[in-house]
Amino acid sequence: VFVRGLKRKCFDGEEDIEGTLAGIKAIPSYTLQRQSLLDMSLVKLQLCHMLVEPNLCRSVLIANTVRQIQEEMTQDGTWQMINTQSTGQASLDRLVSTDILCRSSRDQAEGKHVPAYGTFNKDFEGDQAQDGSETMATASSVQTPRNLQSNVWEMENAQENKGNFQKSLDQIFETLENKSPNSVEDLFSEVDNSYYDLDTMLTGMMSNTKMGHCDSLETFSSPTNTASNSNCKSDLNDLDHIVEILVES
Amino acid sequence: FLAGFGSLMQDVLWCFSQVKGTIDTGVTESDIISTVEFNHTGELLATGDKGGRVVIFQREQESKNQPHRRGEYNVYSTFQSHEPEFDYLKSLEIEEKINKIRWLPQQNAAYFLLSTNDKTVKLWKVSERDKRPEGYNLKDEDGRLRDPSMITVLRVPVLRPMDLMVEATPRRVFANAHTYHINSISVNSDYETYMSADDLRINLWNFEITNQSFNIVDIKPANMEELTEVITAAEFHPHHCNTFVYSSSKGTIRLCDMRTAALCDRHAKFFEEPEDPSNRSFFSEIISSISDVKFSHSGRYIMTRDYLTVKVWDLNMENRPIETYQVHDYLRSKLCSLYENDCIFDKFECVWNGSDSVIMTGSYNNFFRMFDRNTKRDVTLEASRENSKPRAILKPRKVCVGGKRRKDEISVDSLDFSKKILHTAWHPSENIIAVAATNNLYIFQDKVN
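For the record, the sequence lines run as chains A and B.
Straight run, no breaks: the first sequence in full-length UniProt numbering ends on number 249.
Straight run, no breaks: the second sequence in full-length UniProt numbering ends on number 449.
Worth flagging that the hints you see were computed from the coordinates, not collected in a lab.
We put the CB at the ideal spot given by N, CA and C, even for glycine.
Accuracy of the hints is not assured; some may be wrong.
Claimed, not checked - For each label pair, taking beta carbons as the anchor points, the in silico distance ranges come out as:
| # | chain 1 | residue 1 | chain 2 | residue 2 | range |
| --- | --- | --- | --- | --- | --- |
| 1 | B | 31 | A | 71 | 38 to 48 Å |
| 2 | A | 72 | B | 342 | 15 to 25 Å |
| 3 | A | 71 | B | 60 | 30 to 40 Å |
| 4 | A | 71 | B | 74 | 51 to 61 Å |
| 5 | A | 71 | B | 389 | 53 to 63 Å |
| 6 | A | 72 | B | 86 | 14 to 24 Å |
| 7 | B | 316 | A | 72 | 35 to 45 Å |
| 8 | B | 393 | A | 71 | 47 to 57 Å |
| 9 | B | 223 | A | 72 | 19 to 29 Å |
As the list claims (entries may be wrong) - Capping the alpha-carbon separation at 25 Å, the derived lysine to aspartate or glutamate pairs in DMTMM-like fashion look like this:
| # | chain 1 | residue 1 | chain 2 | residue 2 |
| --- | --- | --- | --- | --- |
| 10 | B | 90 | B | 142 |
| 11 | B | 20 | B | 446 |
| 12 | B | 398 | B | 314 |
| 13 | B | 250 | A | 71 |
| 14 | B | 50 | B | 62 |
| 15 | B | 250 | A | 72 |
Isolated chain B (complex conformation) (with noise of 0.2 Å):
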């Protein structure tokens, strides 16, 4: 049946329409991207780096001159968000690596965005300026003081048409609220509060106020001895105001009602789904540990990413997810050696669709797949230099696990384990999806007929 766009995967034919960043084999650690984030009308799309800065692209206005453009994504600011600090105490390195980026839905001119590093939330504003005052009084066009002995005539300043400038200015700082790693930040519908949750406490601000916050969760406990699991990831109900989701590194999702207790850490529901134990090895727990979590925009499901799988829940059922889909299986005999690199514990995004009928995650070899929940169809497909021609369709790519390889396709063990796709975006009315390449922002649209 046809549900609106994007819903039958075979019509939908994806097309390389950008790429940014630089071309050079070597990538400086500082250009890594580590966050991309589209606003809630998909006119701006933001991007974090290792480095601690933001850029923001905007879609340029479609033009009937060049239908086949489809409105292109040219950078609109950047800006310095974070810088490195240094822990004198511990005497550790802050690190200035965005990790995450959230909008807040427009509410005037201006645009406003969290952005987080490992310890520090900002507010950024960023806005407009297209005009400015000329004629001053009390000093001159170069803005040097004029002598007010030498003034005879006052007038009026009016204000002059210049050339856009964009400025990003920080509005709040909220700081000292966290010990752990933030690993999260959510916006709540009231759009009064927001979350952030690091390993093992999650704090509710205001907007307005940065010198407090509201511990709601807790999970630290009081003898760290007795340690085993931490928080991953959080977000709140998309329409719910009083409703927040968090995953832990066992695999469990806990939905949680603030207006039960001031501190949430009795959950008001718990999702786990039961281990299979035919499937039992020393690495069962660490490939179950949810690296994302999401609400679809219905609020009915939230999805969730561990290593090797991506899964729909339904709200309304506890014991096990509702939808499983395996992003990249033939990994599963080679967990020893992506626990040696390390790999095993990388953190893949999920994203849903616009309409919830699609989800996207990224995997290794700058690949991406994409599962269609109605059609039960997906897809794998690639973010390479390669396949960079403007409007070029997207060859769906395969990966080969055993015996004979056909020609298009690739061996587990040539997969490139450097090249990950951990952070992707969807536009969120369009077929619009941005995927973070290392040091590359890839923006694929669908193919317009």
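If we strip away everything but chain A, and leave its shape as in the complex, we get (with noise of 0.2 Å):
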């Protein structure tokens, strides 16, 4: 669909999009470039799985940008329409120059908007009328990824408000001999909150509390998916892969 699909780097790309006259298609619009910023920052967010802690301010900030990207795809309605095209899974494959991205809000506003964003919104209300379950099926795509994207901090560090050490080696074993996917809120529920206060002093093993429950997710299967040609699954399949690999971490 994109005429050029390939990833372009800002620093080449000015001058062979000013160049083409023909080619009013190969510059991506808003819309799209919007759409390669936000599959780069979730590709990022994955990638922050490594083997030493990954930078916290960075991820915050990429997460952010997320949040800032899903925030205004929703007040323009196209996040529900943006994912009919997508493939699914992110990847650097799809990613377009996102020259316009880098203009300031007043550049943009003096230049160039959309032509295919106001055709995306024709059809948008198109179905619409036609469809009023899509309506639902939007509104809680939207609402489910704010909560996942959330849940990556929770999950990441819940075992911090919550408390008994050994206790919670236990039920990570637990789980781990039970590998079932839903453990892992079990994992969580019955931990008392006490002794996290503590992860403020310093003594042996208080501090390092986090636990391991990277090692425990580590086996879980991926939550599966099931009609995956529905469009706020396909959005939730991207963000589920991202809270895995991101607990994991």
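Using the hints, put the two chains back together into the complex; each one sits in its own frame.
In structure tokens form, the structure reads like this:
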């Protein structure tokens, strides 16, 4: 669908783009570029799974960027539509030049509002009329990503807010044996809070008390999504995958 | 007007003095310098690297025979400060990389410094030994024990001169207090306490006590899903031991007074510049994230570094900085590429000169920039082997933004983003600067007349 679907850097993008007259199609629209930035950000969050603990500042900034894009796309109403076109998994192959995104909003206001976006809008409205249930799906797909997104931090650090070292270890081992995805919740359900207030204190093992849930969760199979042709499910697929990888780290 | 050394940019010509490190084209990761710091007199210059080592250089005494040498820095001590560790609970490595070194003011013959990696702060004592005792009764000169029954005469050991030996010993280890990665340490002006800051918390330590610290700032939300902001840097006020500042990833600075409450979650002052709505983009927040904050020597100002600018704030004015300097604004149109290759997350530091009249920070392509606050002049210089002839004057560099490129200029697209100057240091009283370029340490001085 993209005339030039290859990743193009901003450095060499400008001259090419402006030189091509016939290539109106060759200029990725703001919407597509925004999608590309979203995809890039999601890939970056996935790549946070490293041997060394990921840089929290970087992760927070990328997550905030993802949230910004999601919010804007939600307001545009394009959140749903974009994902009908997506093939599911974010991949670097689909990244397009995000040249327009580099410009400030002032520049954008002056220039180039997006013909393709206008088309999207019309189609979307058309679909809306036809299929009321689509709206519900849209709403939930918007909600769920946000929850999953935020669940990233929750799951990564839930153990900090909950208690007993020995008890949690037992639960982890229990969960490992069960190997059921739902056990993730069981893992965090019953522990008490008092212990983790001590994580600002300093002796021995109390401080390094983020549990090895990365280990335990690695053995979980990824949450299965059944109806993969459903729009919101494909979207959920992406974010589930990310949550899983982030929690692993 | 003449306000002392370094205040008029056109009068200061920077010359190459020394470079430390190998010339090999392949850089060993562990040799990458991660922090640079002069001590309070400028006699010593410490570097830390990714391999956990600390190298201390000492300035040689100036000799009347060689006035042009102006006191070169030579290796004084090298030691392994931190080792790689493995956190078994999280199945993650703890890097040995030295994030920061801070010197304590000298109070006796020994030198003390704090060095930290992501998790553990250590107090090191660096001392000289130039005498050793000789003439023990119970052991001979080689150290072998003598048979007591063979001793017929007793003698008193005497101290005899020996070749100078510099020893570094860890005197304190401050561990297990940080769940997140330590980004800053700062010695208090009382010289009895210091603080260590990680992404979400700041702890106050007493130098004598290693098994306890006070948590003075905690921005960790009760619900981690609400986390949107982290602490990026922190520093004590140079004179007021109750005051410190910390910066955030949202471009804000908070000044706190420890006298008001045990937990300084409420700031006494909040510094933030209103966003320019016409400049807003998806990258606005990322480039506003502050990577370094430094008090001026006078204690009246703070300087902050974000991705594209350096700002000077007056402590008495919270709503905007009094000065803003563009470091490399030509990168503004490249932010998406810099986001893609992660360069947008590079953390540049900034430093004041001794009189607070000039500020310096690094950039890409081994460029670093200086801004004279009085004359408003700025200069771009480069740390490179090509300019490394002794006492060679550094030629100002210029980045060409568009259109025609002049002969000596370099175009934005030709910049090498792998050559970044993140760490620099300025001698406390003289025009001597240390610039870390990956695995090399450059020392520049102003031209001696």
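Hint check results:
1. B:31 with A:71: 38 to 48 Å: holds (44 Å)
2. A:72 with B:342: 15 to 25 Å: holds (23 Å)
3. A:71 with B:60: 30 to 40 Å: violated (60 Å)
4. A:71 with B:74: 51 to 61 Å: Holds, at about 57 Å.
5. A:71 with B:389: 53 to 63 Å: holds (56 Å)
6. A:72 with B:86: 14 to 24 Å: Check failed, 42 Å falls outside 14 to 24 Å.
7. B:316 with A:72: 35 to 45 Å: holds (38 Å)
8. B:393 with A:71: 47 to 57 Å: holds (53 Å)
9. B:223 with A:72: 19 to 29 Å: For residue 223 of chain B and residue 72 of chain A the Cβ distance comes to about 24 Å; the hint holds.
10. B:90 with B:142: violated (48 Å)
11. B:20 with B:446: holds (18 Å)
12. B:398 with B:314: Violated, at roughly 30 Å.
13. B:250 with A:71: holds (18 Å)
14. B:50 with B:62: violated (32 Å)
15. B:250 with A:72: holds (19 Å)
Comparing the model with each numbered hint stated earlier shows that hints 3, 6, 10, 12 and 14 do not hold.
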